[in-house]
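Peer 1: The lines below spell out each chain.
2 protein chains.
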Amino acid sequence: MEDVPSLVAQAREGRPRAVARLISLVEGASPQLREVMAALAPLTGNAYVVGLTGSPGVGKSTSTSALVTAYRRQGRRVGVLAVDPSSPFSGGALLGDRVRMSDHASDPGVYIRSMATRGHLGGLAWSAPQAIRVLDAAGCEVILVETVGVGQSEVEIASQADTSVVLLAPGMGDGIQAAKAGILEIGDVYVVNKADRDGADATARELNHMLGLGESRRPGDWRPPIVKTVASRAEGVDEVVEALEKHRAWMEEHGVLTERRRARAAHEVETIAVTTLRRRIGDLRGDRRLGALAERIVAGELDAHRAADELIAGLTGS
Amino acid sequence: MEDVPSLVAQAREGRPRAVARLISLVEGASPQLREVMAALAPLTGNAYVVGLTGSPGVGKSTSTSALVTAYRRQGRRVGVLAVDPSSPFSGGALLGDRVRMSDHASDPGVYIRSMATRGHLGGLAWSAPQAIRVLDAAGCEVILVETVGVGQSEVEIASQADTSVVLLAPGMGDGIQAAKAGILEIGDVYVVNKADRDGADATARELNHMLGLGESRRPGDWRPPIVKTVASRAEGVDEVVEALEKHRAWMEEHGVLTERRRARAAHEVETIAVTTLRRRIGDLRGDRRLGALAERIVAGELDAHRAADELIAGLTGS
Numbered sequence: 001m002e003d004v005p006s007l008v009a010q011a012r013e014g015r016p017r018a019v020a021r022l023i024s025l026v027e028g029a030s031p032q033l034r035e036v037m038a039a040l041a042p043l044t045g046n047a048y049v050v051g052l053t054g055s056p057g058v059g060k061s062t063s064t065s066a067l068v069t070a071y072r073r074q075g076r077r078v079g080v081l082a083v084d085p086s087s088p089f090s091g092g093a094l095l096g097d098r099v100r101m102s103d104h105a106s107d108p109g110v111y112i113r114s115m116a117t118r119g120h121l122g123g124l125a126w127s128a129p130q131a132i133r134v135l136d137a138a139g140c141e142v143i144l145v146e147t148v149g150v151g152q153s154e155v156e157i158a159s160q161a162d163t164s165v166v167l168l169a170p171g172m173g174d175g176i177q178a179a180k181a182g183i184l185e186i187g188d189v190y191v192v193n194k195a196d197r198d199g200a201d202a203t204a205r206e207l208n209h210m211l212g213l214g215e216s217r218r219p220g221d222w223r224p225p226i227v228k229t230v231a232s233r234a235e236g237v238d239e240v241v242e243a244l245e246k247h248r249a250w251m252e253e254h255g256v257l258t259e260r261r262r263a264r265a266a267h268e269v270e271t272i273a274v275t276t277l278r279r280r281i282g283d284l285r286g287d288r289r290l291g292a293l294a295e296r297i298v299a300g301e302l303d304a305h306r307a308a309d310e311l312i313a314g315l316t317g318s
Numbered sequence: 001m002e003d004v005p006s007l008v009a010q011a012r013e014g015r016p017r018a019v020a021r022l023i024s025l026v027e028g029a030s031p032q033l034r035e036v037m038a039a040l041a042p043l044t045g046n047a048y049v050v051g052l053t054g055s056p057g058v059g060k061s062t063s064t065s066a067l068v069t070a071y072r073r074q075g076r077r078v079g080v081l082a083v084d085p086s087s088p089f090s091g092g093a094l095l096g097d098r099v100r101m102s103d104h105a106s107d108p109g110v111y112i113r114s115m116a117t118r119g120h121l122g123g124l125a126w127s128a129p130q131a132i133r134v135l136d137a138a139g140c141e142v143i144l145v146e147t148v149g150v151g152q153s154e155v156e157i158a159s160q161a162d163t164s165v166v167l168l169a170p171g172m173g174d175g176i177q178a179a180k181a182g183i184l185e186i187g188d189v190y191v192v193n194k195a196d197r198d199g200a201d202a203t204a205r206e207l208n209h210m211l212g213l214g215e216s217r218r219p220g221d222w223r224p225p226i227v228k229t230v231a232s233r234a235e236g237v238d239e240v241v242e243a244l245e246k247h248r249a250w251m252e253e254h255g256v257l258t259e260r261r262r263a264r265a266a267h268e269v270e271t272i273a274v275t276t277l278r279r280r281i282g283d284l285r286g287d288r289r290l291g292a293l294a295e296r297i298v299a300g301e302l303d304a305h306r307a308a309d310e311l312i313a314g315l316t317g318s
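Chains as they are written, first to last, in the numbering used here: chain X, 1 to 318; chain W, 1 to 318.
Misleading hints may appear alongside valid ones.
[Stated by the list, open to error] Restraint-style ranges between C-beta atoms, simulated for each label pair: (1) W/Ala292 - X/His254: 19 to 27 Å; (2) X/Glu245 - W/Arg288: 56 to 64 Å; (3) W/Glu235 - X/Gly28: 52 to 60 Å; (4) X/Arg15 - W/Ala292: 48 to 56 Å; (5) X/Gly45 - W/Asp309: 37 to 45 Å; (6) W/Arg288 - X/Trp222: 26 to 34 Å; (7) X/Gly212 - W/Ala234: 55 to 63 Å; (8) X/Asp201 - W/Asp309: 48 to 56 Å; (9) W/Gly314 - X/Ser30: 24 to 32 Å; (10) X/Pro56 - W/Gly14: 54 to 62 Å; (11) X/Glu245 - W/Ser30: 34 to 42 Å; (12) W/Gly314 - X/Arg289: 20 to 28 Å; (13) X/Arg223 - W/Gly28: 39 to 47 Å.
It should be emphasised that the hints constitute simulated quantities derived from the structure, not laboratory data.
A virtual CB, placed ideally from N, CA and C, is assigned to each residue, including glycine.
Given the sequences, and given the hints that come with them, work out the whole structure.
Peer 2: Pasting the structure below:
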């Protein structure tokens, strides 16, 4: 068993191993998970969580790296959670381990964590928010959550950020692909990366059209900006940071930040509750109660719905 | 609202519209679902449920049709539940509506029902067993459940039958594909269809090897037979029926049939319980209780796990 209070204290001092250990405890649903989460609860709520999503090849990792550099110049502590299986950060990497993000590997103000997209109890919807809480409690002021914009759970995670950045790159049909993946609906800030390539202006125009950004909005509504970048040369990255800060300020002004964080917390509670109930029901396999109900169903004495009622009633409290 | 007792009575008399209506009520989770299931419970448990699964192109629909013919010659009432989206029975068809199975379309002793693989509350794991109960209560003595052997829920349904038939066809790599799809573990009877083609013997040998059928087994163990068929010409189909009857007799002799039906009922109860709890949690979205919990989490006063406990305690009693 780990000494959780000591791990938490070390994580708050900026010790990467302690952060890594805590994330492993929460994502693996260890017996100490609840102890860790209870210890972290009063320490969280300070980080600004930015989701970055986009199809493979748009330059998500390069953009994430450039944003880390920009935030580090401001002296902010940054956490990166990469839930993209194709990301160079992938493979259980923390702080330079198998990480190509060499600019940041030796920077003690940056935490990098990758997360496999499969295999966790309850999946990403369960493990990502808890890893974010660890990074938050460890003192990261900005947390960049990089997800590939393919797959419902990845899009869901991105949409659960304080601010969601959707990345695109010039090229025929890219906008259509983004729309298909459902990521066009979730952007607070849009980035057309690789803007030195042909078609960048066309992509931005197409995006502007698809988003209906030309249409009138109610006063006070957020109008998602479209920023053009060449992340590999850090061009336009300061403008992205500026757009993020504007969105954050707008959210704070309109009470949206608290609203989003409550929605995220509610979603997290739901996920944990469903996973817990599923596990409890799973524990009943081979249990006498479920076996007895099944026997009565086969005998035609009971239908499956009334049996499910009895099963649910038996789950109470425990 | 439907008159459920009248629908049930009509279904027992063999009226196809009543059967169709009842299936729609149970798969769509109508408000009358529970009334229907309660009315059906004492009438079920007589049908012999046979699952047929295999990769696309092995001739599942042709084999199903040939089995229907064989069982009809014995004077048995037959139900077909096709949960294969690529099946010719697909598209909400009942009794000839958009069905190419023209041999049986006008036969009042055959019910054919297709089931979409998506869109139902709780998915196939929820709707298929309930549709089977309707066909069972309607007096079908044999129910053939045709599923494409791709995708976890499809394989799961096939494995929940009294007897599972796995179909293959000659061709390189077919066995490997079957193994990958996880369908090799679930077969009680194996059929190599299209046995007039080159490689049928090789496929049967490969299958025999992969299944370890040459190895010794405990006395009384079931040894899955491999039957070669040309379903389009009805060749070998009587042998399949014979193998099914042998398996049924073996199951009855060894208490396996009751055991399997209890396992199926237990699985059904679990699925209904999980779906019900999920829905109840979903109903809490925007609910004051969940909102209040989320507020306390954002304030750092509570962690998501303790919040989930409170949510669960509030759910399971109602």
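Peer 1: Are the hints correct? Go through all of them and say.
Peer 2: Each hint tested on the structure:
For W/Ala292 paired with X/His254, a C-beta distance near 22 Å keeps the hint of 19 to 27 Å intact. For X/Glu245 and W/Arg288, the hinted distance range of 56 to 64 Å is not satisfied, since their beta carbons lie about 34 Å from each other. Distance hint check: the CB atoms of W/Glu235 and X/Gly28 are about 54 Å apart, consistent with the given range 52 to 60 Å. Between X/Arg15 and W/Ala292 the beta carbons are some 36 Å apart, a value that contradicts the proposed interval 48 to 56 Å.
The hinted range of 37 to 45 Å is not satisfied by X/Gly45 and W/Asp309, whose Cβ atoms lie roughly 21 Å apart. Against the hinted window of 26 to 34 Å, the Cβ-Cβ separation of W/Arg288 and X/Trp222 comes to about 27 Å, which satisfies the hint. Range check, X/Gly212 to W/Ala234: about 60 Å between beta-carbon atoms, so the 55 to 63 Å window is met. The supplied range of 48 to 56 Å is met by X/Asp201 and W/Asp309, whose beta-carbon atoms lie about 54 Å from each other.
Look at W/Gly314 against X/Ser30: about 27 Å separates their beta carbons, and that is inside 24 to 32 Å. For the pair X/Pro56 and W/Gly14, the beta carbons lie near 55 Å from each other, so the given range of 54 to 62 Å is met. A C-beta distance of roughly 51 Å is found between X/Glu245 and W/Ser30, which places it outside the suggested range of 34 to 42 Å. Roughly 22 Å separates the CB atoms of W/Gly314 and X/Arg289, a value that falls within the hinted 20 to 28 Å.
Range check, X/Arg223 to W/Gly28: Cβ separation about 41 Å, and the 39 to 47 Å hint holds.
In the structure shown, a violation is registered for the earlier hints numbered 2, 4, 5, 11, in ascending order.
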